[in-house]
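Colleague: Respectively, the protein sequence lines represent chains A and B. Be aware that the first sequence starts at 3, since it is given in the numbering used here, and climbs by one per residue. Be aware that the second sequence starts at 5, since it is given in the numbering used here, and climbs by one per residue.
Simulated from the structure, these hints should not be mistaken for lab results. The structure displayed is predicted, hence computed values, not measured ones. It is possible that part of the hints are untrue.
What the hints assert, rightly or not - With a cut-off of at most 30 Å between alpha-carbon atoms, the simulated DSS-like pairs for lysine-lysine come out as follows:
1. A/391 to B/6
2. A/231 to B/114
3. B/102 to A/229
4. B/102 to A/481
5. B/61 to A/255
6. B/73 to A/269
7. A/54 to B/73
8. B/58 to A/391
9. A/399 to B/102
10. B/73 to A/481
11. A/231 to B/73
12. B/73 to B/58
13. B/73 to B/136
14. B/32 to B/61
15. B/136 to A/481
16. B/61 to A/229
17. B/126 to A/481
18. A/231 to B/102
19. B/58 to A/229
20. B/114 to A/269
21. A/255 to B/114
22. B/32 to A/269
23. A/229 to A/249
24. B/73 to B/127
25. B/32 to B/58
26. B/58 to B/114
27. A/72 to B/73
What the hints assert, rightly or not - A few chain B residues that don't get close to chain A, going by computed Cβ distances all over 12 Å:
28. 10
29. 11
30. 15
31. 22
32. 44
33. 63
34. 94
35. 102
36. 122
Note that the Cβ used here is the ideal one computed from N, Cα and C, for glycine as well.
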Amino acid sequence: MSTRIAILGAGPGGYVAAIRAAQLGAQVSVIERDNIGGTCLNYGCIPTKALKTTAELLETFRRAHEMGVKVDGEVWPNMTRLMVRKQRVIDEFAEGILRIFDSYKIQFLKSEGYVLEPNRIRAKGMRNSTADVVSDKMILAIGSRPLEIPSLPFDGHKVISSDEAISLNEVPESILIIGGGIIGCEFAFIFNSFGSSVTLVEAMSRLIPLPSVDADCSIIIQREMRKRKIRVLLNNTVARAEFNEGKVRAFIKPALSGEELNGAEEKQLIQEVDKILVCVGRKPNTQSMGLENLGLQMDNNGWITTNDFMETTVPGVYAIGDALGPAKAMLAHVASAEGLVAAENALGISRKMSYETLPVGIWTSPEIACVGVTEEQARERRYTVRADKFLFRALGKAQAMGEIAGHVKIISDVQNKRVLGIHIVGPHATDLIAEGTLAIKMGATVDDVAETIHAHPTLSEALMEVSHRALDAGIHYLKGD
Amino acid sequence: MKSIQELNLPEDLRYSQDHEWVRGSEEKVMIGLTDYAQDQLGRIVYVELPQVRKVFKKGHVFGVIESAKTVSEMYMPISGEVSDVNGLLENSPHLVNKSPYQEGWMIEIKPSEFSEIDTLLKKEAYMEMLGKGDAD
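If we strip away everything but chain A, and leave its shape as in the complex, we get (with noise of 0.2 Å):
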């Protein structure tokens, strides 16, 4: 008899665990209480990427006189439209993962799920159905849900989140977003787009303060978001909201001491917008789903423990995802990567998962997209490392794009002139990080790109020319410069 795997989660962790699991001849049954295809597909990635496509067409549009392209009359987004549009793309996609789930034969039940023993989950279906789902191994996919302010707790209306923000049917006139990270930031360029008028507030000093984006790219974008009018307050909090005829009232104050501040405005602001949208981070949904039946190991946060072989603390239950915190990356990509070594080791073969060369691509306008460590984590891994910086702008395919901003990084170690990590801001950079991360896996030097004829004209070339910088023989660049 083959072997029985239970997942719980159909994102793109549990339902590439569950394609995977089956493909190794197991019995697979996945219980979802969402549609397939987690936050990722429903509220995530593709949503957003849909919202995204119609902000850059709107900017195009906006530029259509610098094209050369006469437009009578204005251009505004059909709010309507690009709802239903979006919600194709999200129902076509999963209909595409249903019919693989179908070609495995794999069990796919759209119910709430319950943990009750480490082989045993109670799925709860519509109208009150339970059926007990049994496993000899259990894989937990559990995702993840947006972080609520407590003094600001999401209503669904005035104060919203991500999964509210993209299923918008009017564009709001105007729109606070709380917190510059990842998610922040590139609903900021999509509402600027949209129409909204837009206020970033962040508690840190640079936008998208995470230690694997290089900071130049931070101040790239908050450059971009400046171009655009989108006004950025770092080092700031909103300390509460006040609501009153449909408005909401936010009292921003600074999160720095005045020393720190440096002429920066010091008295509390009050802004009035139509939205606030907190984008402050994510929970782990280890809540009301038996998981305490479990008894696996968590951290004080709630995110669950794993070895390296994504197994917990509990043996044949193991966990990807969201679920396992931000120590692990909370990416779709890392998820699925998790939910093959996942289905791999509870079928019996021994693989670790590695979190080595895991690129991070952000939608920003332009946007970002970087693979390996920056600068300063290299210094700190004590190698001797060299940055070399290439501008778009020197790049014939971006001239002619009309996308001159932003640029690539190359960190590359002094003594073997190994890659060690590619940092791009600039037009199409979330696709023209996979050379980057290819370079970098296989133990590429900077004359291994370089000496690799990149199309003409291409945004590629970008790749090619800052390693040749790398080797202090840029093509595209003044000498000495």
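Fit chain B to the known structure of chain A by using the hints.
Modeller: Same frame as chain A, now just chain B:
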């Protein structure tokens, strides 16, 4: 690009090695980019200026200028507190190309050590520096 002889370099200004110009008194000093700098940068597409009341030391970065070709930082020629910035540049950065000494000015400061102006170059010395080719 202009030859050195073609450059517009007013007699009454002082120039920094980083191609900023300075004009004013102990009370108020205007700062901008030289004709040489705007000519080398090419078409200016964006100027990022500091907030009023910010205090900078001589040599520190006070702003960023983007052209179609490159991105450059701008350095304080003398120390002081920013008292005004040229708001017109936000939507009309090309003024730096068109009128580097008048409409294209960058910031106005209250100098903290006005004597620093003596460390800056007069027109002839600036031209001589440009002539030697050790600029940039």
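Colleague: If a hint holds in the structure, say so; if it doesn't, say that too.
Modeller: Hints, verified against the model:
1. A C-alpha spacing of about 28 Å is found between residue 391 of chain A and residue 6 of chain B, which places the hinted pair at or below 30 Å, so the restraint holds.
2. For the suggested pair residue 231 of chain A and residue 114 of chain B, the alpha carbons sit about 28 Å apart, so the restraint of at most 30 Å is met.
3. Among the hinted pairs, residue 102 of chain B with residue 229 of chain A is consistent with the structure: their alpha-carbon atoms are about 21 Å apart, no more than 30 Å.
4. Distance hint between residue 102 of chain B and residue 481 of chain A is fulfilled; the C-alpha atoms sit about 28 Å from each other, no more than 30 Å.
5. Straight-line distance between C-alpha atoms of residue 61 of chain B and residue 255 of chain A comes to about 28 Å, which keeps the hinted pair within the 30 Å bound.
6. Simply put, residue 73 of chain B and residue 269 of chain A have alpha-carbon atoms about 40 Å apart, too far for the 30 Å limit, and the pair is violated.
7. Between the alpha carbons of residue 54 of chain A and residue 73 of chain B the distance comes to roughly 28 Å, so the proposed pair stays at or under 30 Å and holds.
8. Using a Cα cut-off of 30 Å, the hinted pair residue 58 of chain B and residue 391 of chain A holds, with the two alpha carbons roughly 29 Å apart.
9. A C-alpha spacing of about 27 Å is found between residue 399 of chain A and residue 102 of chain B, which places the hinted pair at or below 30 Å, so the restraint holds.
10. Proposed proximity of residue 73 of chain B and residue 481 of chain A is supported: the alpha carbons are some 15 Å apart, at most 30 Å.
11. The straight-line distance between the Cα atoms of residue 231 of chain A and residue 73 of chain B is roughly 23 Å, inside the 30 Å bound, and the hint therefore holds.
12. Our distance criterion of 30 Å between C-alpha atoms is met by residue 73 of chain B and residue 58 of chain B, whose separation comes to about 29 Å.
13. For the proposed pair residue 73 of chain B and residue 136 of chain B, the alpha carbon gap of about 24 Å is at most 30 Å, so the pair holds.
14. Straight-line distance between C-alpha atoms of residue 32 of chain B and residue 61 of chain B comes to about 16 Å, which keeps the hinted pair within the 30 Å bound.
15. Restraint check for residue 136 of chain B and residue 481 of chain A: satisfied, since their Cα atoms lie roughly 16 Å apart, inside the 30 Å limit.
16. Among the hinted pairs, residue 61 of chain B with residue 229 of chain A is consistent with the structure: their alpha-carbon atoms are about 26 Å apart, no more than 30 Å.
17. This hinted pair checks out: residue 126 of chain B and residue 481 of chain A have alpha carbons roughly 28 Å apart, not beyond 30 Å.
18. Restraint check: the Cα-Cα separation between residue 231 of chain A and residue 102 of chain B comes to about 24 Å, which is no more than 30 Å; the hinted pair holds.
19. A hinted pair counts as satisfied when its Cα atoms are at most 30 Å apart, and residue 58 of chain B with residue 229 of chain A qualifies at roughly 20 Å.
20. Distance check on the hinted pair: residue 114 of chain B and residue 269 of chain A sit about 24 Å apart at the alpha-carbon level, within 30 Å; holds.
21. For the proposed pair residue 255 of chain A and residue 114 of chain B, the alpha carbon gap of about 29 Å is at most 30 Å, so the pair holds.
22. For the hint linking residue 32 of chain B to residue 269 of chain A, the alpha-carbon distance of about 27 Å falls within 30 Å, and the restraint holds.
23. Restraint check for residue 229 of chain A and residue 249 of chain A: the C-alpha separation of about 27 Å stays at or below 30 Å, so the hint holds.
24. Distance check on the hinted pair: residue 73 of chain B and residue 127 of chain B sit about 27 Å apart at the alpha-carbon level, within 30 Å; holds.
25. For the hint pairing residue 32 of chain B with residue 58 of chain B, the CA-to-CA distance comes to about 15 Å; that is within 30 Å, so the pair holds.
26. The straight-line distance between the Cα atoms of residue 58 of chain B and residue 114 of chain B is roughly 11 Å, inside the 30 Å bound, and the hint therefore holds.
27. For the proposed pair residue 72 of chain A and residue 73 of chain B, the alpha carbon gap of about 27 Å is at most 30 Å, so the pair holds.
28. No beta-carbon of chain A comes within 12 Å of the beta-carbon of residue 10 of chain B; the shortest separation is about 20 Å.
29. Its beta-carbon lying about 19 Å from the closest one in chain A, residue 11 of chain B satisfies the requirement of being farther than 12 Å from that chain.
30. In this structure residue 15 of chain B is separated from chain A by more than 12 Å, as the shortest Cβ-Cβ distance comes to about 30 Å.
31. At roughly 14 Å from the closest C-beta of chain A, the C-beta of residue 22 of chain B stays outside 12 Å, upholding its exclusion from the interface.
32. A beta-carbon of chain A is positioned within 12 Å of the beta-carbon of residue 44 of chain B; the least distance is around 10 Å.
33. For residue 63 of chain B, the non-interface assignment is confirmed: its Cβ lies about 17 Å from the closest Cβ of chain A, beyond the 12 Å cut-off.
34. A beta-carbon of chain A is positioned within 12 Å of the beta-carbon of residue 94 of chain B; the least distance is around 9 Å.
35. For residue 102 of chain B, the non-interface assignment is confirmed: its Cβ lies about 19 Å from the closest Cβ of chain A, beyond the 12 Å cut-off.
36. For residue 122 of chain B, the requirement that its beta carbon stay farther than 12 Å from each beta carbon of chain A is met, with the minimum near 27 Å.
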